[in-house]
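Residues per chain, in single letters:
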Amino acid sequence: MSIPLPVFVIIPLMTAFLLPLFGKKGKAAATLFANLATISLLVLAVASIGKSAVYEIGKWSIPLGINLVLDGLSSLVLLAISVVAAAAMLFSTKYMEQYTAKSRYLSLFMLMVAGMNGVVLSGDLFNLFVFLEIASLASYALVGFGCENEELEASFKYMVLGSIGSTFILFGIALVYGNTGMLNMAYISKAIQANGLNAGLGFALALFITGFGLKAALVPFHAWLPDAHPSAPAPISAMLSGVLIKTLGIYAMARVLFNIFGISVSLGWILIVLGMLSMVSGAFLAMGQWDLKRLMAYSSISQIGYMVLGIGLGGLILAKGGDLAWASLAILGGLFHLVNHAVYKSLLFLTSGSVAMSTGTRQLKEMGGLAEKLPVTRIACTIASASIAGIPPFSGFWSKLILVIAAILSGYYWIAAVIVFVSLCTLIMYLKVQRYVFLGELPENLQDIKEHRGSMAFAMLSLTLLCVFMGLLVIVPGLKAIVLDPAVKVLTDGLLYSSNIIGM
Amino acid sequence: MSGMTIIVKTICNWVKVLILLFGLYIILFGHATPGGGFAGGVILAGTYVLIMLAFGREAVEKNLSPSLAGKLLSVGAASFGLIALAGFLFGRDKFLWNFIYQKWPDFKFLGGGTIDLAEFAIGLVVTMSLYLVIFTISVYCRDFKCRDKQCDIPVKEREQN
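Protein chains in written order, with the numbering used here: chain A, 1 to 504; chain B, 1001 to 1161.
Bound-form chain B, shown alone (with noise of 0.2 Å):
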């Protein structure tokens, strides 16, 4: 049984969908209060980062395998870019050009139009590229330890030699 203690588990059990709650939060009325797709990202990695300090790093990969989340970053990055480039379809040669709002005030989502949309893109980045990081700092810390001993043994073993 890899992670914490059963307390740790079931008290993480309870919070994680409350801390997924608070980022959304964030990144949904980014445009009107503070924060916005970065800080809201941030939260959304973090659930990701308390999950993978209860549970250990395993159950986050069968949550959400690295290369999907790869994929992930690139989609909201892309996307992005559409909304910039939607504003060229929209509005003649006004490259950003927060359409919605300026055309169809009808639509505005939540009050602000396309920064609407462009926060939900750069939430998606921002969650992922940092649970990547993470994620990778967590796999490849074990490999920094052995550079110049032999990298099969694992660590416990090592360290009682």
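With the rest of the complex left out, here is chain A (with noise of 0.2 Å):
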């Protein structure tokens, strides 16, 4: 039986208005019953995998009415938001205790939930952008959740850029409107490939890089990044540089140009040239900072570049006329890398959220010597380190190998030197974490620390599973074709989406 798609927007959207009315003594429940939804929802996105279906909401058929799509790289992404959820979910339970208001947290994480699954299986342009904002909406609160000056000012700058980045899509999707009657993806593609593209259409592919980019954080449009993420607490710190940024900046971003517009020579370069500039310039930022959850967020933006890149490089491939199977492997590293990016850095994040609440300060050099004082902690960070570092065996080595064979078989060396050089940064930024932190002399006022155990230590090992096997997704030749091909093949296909929705 297939799967009814409005499942994955529902459940979270009630849960969020839900939760506020059981109030403060019902703390313990709407917990629970957050818990919950969040778990059914990883077993629900696991169960997507490998299918494809269109719904179209309300029996209203299409472009009349608005349609949801399930293909081979919203089942990606959907797997990558859920996991990232339930384990964030999972460490909230104790780690916001710290804070007051819990009810409140728990509603607005859920609708951040609701806001990027819609994001994932839109297949409408304008309702993309709604559930962008709904998701984008509820990021804004949460970021300014501690309600500190420190706090509120980061919410507000990302507010700001972050609503200049909303109407810069909003303008995209109304020219878009304007210039091909349609608001349906596959529709206005079709539009697209009968009329071609005109001034109009151009400039309304301007505005959604520029868009997309600054949602994404790509480097010209980082600067709220490195200010947003620290200031939110350690889950959602997680959710956002987990999830948040490569839903609403790659995913959007991957989905209009290849799928609406159709990737060309020009477009191809221009994800390169974002993705090399965020890859070395959030590489050699990352590397001064002496604020943990600061330099993670720096290593964010540097990470995203690598995906940028996969992607945009596959583009070219494709746009040029080369070989299919080296377009496709660019491309498989960029996704794979997104979903070890998604496991790994926010278990990085959950690990500083861990060593926060037992030492009170963020300051790597206020730290040191933790690794008897918190053991669990330490495996975590270790290996989501060697991960993110590209160690073998672990996942990221994997996705960044896959990048730079294909890089060198599709004849651009310099950008497989690039992709080792800037791995090479993102080592020695991790080692400088672990041996702050974790090595060293331990501070006197350190000494009788303790580590919470329970749920969050539950959330951090299970995350450290998934990096340390996540690589036989790609060994094992049967995962991969369920897994991985087919999102691969949505944007290999590229144009061929808008025939697929609407003969089916």
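No lab work stands behind these hints, which were simulated from the structure alone.
Just so you know, not all the hints are guaranteed correct.
Derived DSSO-like pairs (lysine-lysine); straight-line CA-CA distance at most 30 Å [claimed, not checked]:
1) A:489 / A:51
2) B:1009 / B:1062
3) A:432 / A:157
4) A:365 / A:432
5) A:24 / A:94
6) A:27 / A:450
7) A:94 / A:432
8) B:1062 / B:1016
9) A:432 / A:450
10) A:59 / B:1103
11) A:365 / A:450
12) A:27 / B:1071
13) B:1094 / A:51
14) A:365 / A:157
15) B:1062 / A:24
16) A:489 / A:320
17) B:1071 / B:1094
18) A:94 / A:27
19) A:51 / A:480
20) A:25 / B:1071
21) A:25 / A:94
22) A:59 / B:1094
23) B:1062 / A:27
24) A:94 / B:1071
25) A:59 / A:489
26) A:450 / A:94
27) A:373 / A:450
28) A:24 / B:1071
29) A:373 / A:432
30) B:1062 / A:25
Only a predicted model underlies this, so the values are computations on that prediction, with no experimental measurement involved.
Dock the two chains into a complex; use the hints.
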């Protein structure tokens, strides 16, 4: 039986609005309820792997009505969102006891998940914008959840830049609607294929790249991220860095560029240049940071670059009419890195939350020698660091290896060199984290700290296990054929998307 | 005695019923005429703003406490979700299906079937959220004025200083 697609949006949305009704006394019940919702979403996302479906809401046929589309790319990103959301929610049960108004936090969290699931499933450009705004607005509130001066400032900055991005996207959608008369993605794509690009659509394309670039924090547009991500509570940082920037930025950009407008050589180069800029400058900026969460935030910018680079390289090879196998390999590297990064970056942010909760500081210079005091956190952080730096056999190694192989096979040796170089920079910055947080001398004021076990440790350990075994997704051919290959095929098929949807 | 003069208060007492009725009318006939849940909800929230201006914030707070408003907002949003889910129940995998209009046309309420019910839910959400926004602004505007001074001094004394 196929899964009715609206459940991915309606479960978190209904949970979000039912949670405030529990009030102050029912805090434990509300937490349990929210956890059940995220876990049921995870089960549904796993069940939806390998399926494809089009759902017409209210039985209004497209292009009159709104449709939801599940294909390989959607189900891959949906799985990443559900995994990170379930782990972050489990982590919050204990972690968020430090804050007041927990039920509001849970409610905003579920609202953000609903928005992201909606963005991933929407087959309609305007609905994509609506869900994008739901997720963004919930994240603005969550970044400022601590209500300290610094957090409110970061939230305001994020809100201003995020709203500029949303406005650009809305203008782009208006231009597309004015020039094609359609809002359904498949029909827009069909109209563009029939009539070609005109000046208005070209301008809309520029607006989309800027808008989604702002949401993804690619380098010229990255100013909000290093403030916003460290200020949020740790599980929210994990959600923001782990999946929000990817869903709202990379997924939406890839969908618009590949499936609606169709990739071209110049677009491929734009993506590659944006990706390289993000990779290199993000890595350099991260190495100089002394705030644990700020360092991880800059490293997110650097890692986002890998995904854009992989997708852009694949698009470039496709547009030049090169070998389809190499294009698929580059896109596979980008998408696999997206999933890997969702897992290990959220794990890193969760460990930073565990460290901050035990020691009460985020400054690297005030910590040291925590390996004995926080053993579970230490294991999780070391494996995640090894994974992000690309040390075999952890997951990050495989995605970077695929990217390097794709760059060499297609003849861009300098891109392969930059990938390896940035990987080395990543290793340096995470060795710095290991050295200053877990090794060295234990400061006197931290002698009697305790690690928080229970749900927090369980959330971290389950993500650690994923980090170790994620490599199997590309090594075992059966798993690769079910999980990753359909997602790659959606992007390499490009404009065939519209005839697939309309034909279904 | 807080609020404005007796003239304003008396007029406000007469007018508020009319505005409430007009808001409800806009919500009820949203499926057939211009307007609907959002426009009607804004008008309903406008009633509260009028009372807040004429009688002071305390009068409104007594009538509709912010925590109750927050709960009603959630109820409104959740009931919209339930109406959407009812399509699943009655129409076999038809999310947001107008099942009343399609299956039992005799009970189509004012003519819109589930659309009328959904308009009520939207009206509740919009009324409560706008009320909460305006209420919050009126509570916190004082705090923002005295960011770097002592906040416990009342506004009037501070202005004299």
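Status of the hints after comparison with the structure:
no. : hint            : verdict
1   : A:489 / A:51    : holds (13 Å)
2   : B:1009 / B:1062 : holds (17 Å)
3   : A:432 / A:157   : holds (29 Å)
4   : A:365 / A:432   : holds (11 Å)
5   : A:24 / A:94     : holds (16 Å)
6   : A:27 / A:450    : holds (25 Å)
7   : A:94 / A:432    : holds (28 Å)
8   : B:1062 / B:1016 : holds (16 Å)
9   : A:432 / A:450   : holds (23 Å)
10  : A:59 / B:1103   : holds (14 Å)
11  : A:365 / A:450   : holds (20 Å)
12  : A:27 / B:1071   : holds (15 Å)
13  : B:1094 / A:51   : holds (19 Å)
14  : A:365 / A:157   : holds (27 Å)
15  : B:1062 / A:24   : holds (21 Å)
16  : A:489 / A:320   : holds (18 Å)
17  : B:1071 / B:1094 : holds (29 Å)
18  : A:94 / A:27     : holds (12 Å)
19  : A:51 / A:480    : holds (14 Å)
20  : A:25 / B:1071   : holds (14 Å)
21  : A:25 / A:94     : holds (17 Å)
22  : A:59 / B:1094   : holds (6 Å)
23  : B:1062 / A:27   : holds (26 Å)
24  : A:94 / B:1071   : holds (25 Å)
25  : A:59 / A:489    : holds (29 Å)
26  : A:450 / A:94    : holds (14 Å)
27  : A:373 / A:450   : holds (7 Å)
28  : A:24 / B:1071   : holds (12 Å)
29  : A:373 / A:432   : holds (19 Å)
30  : B:1062 / A:25   : holds (23 Å)
The earlier numbered hints are all upheld by this structure, with none contradicted.
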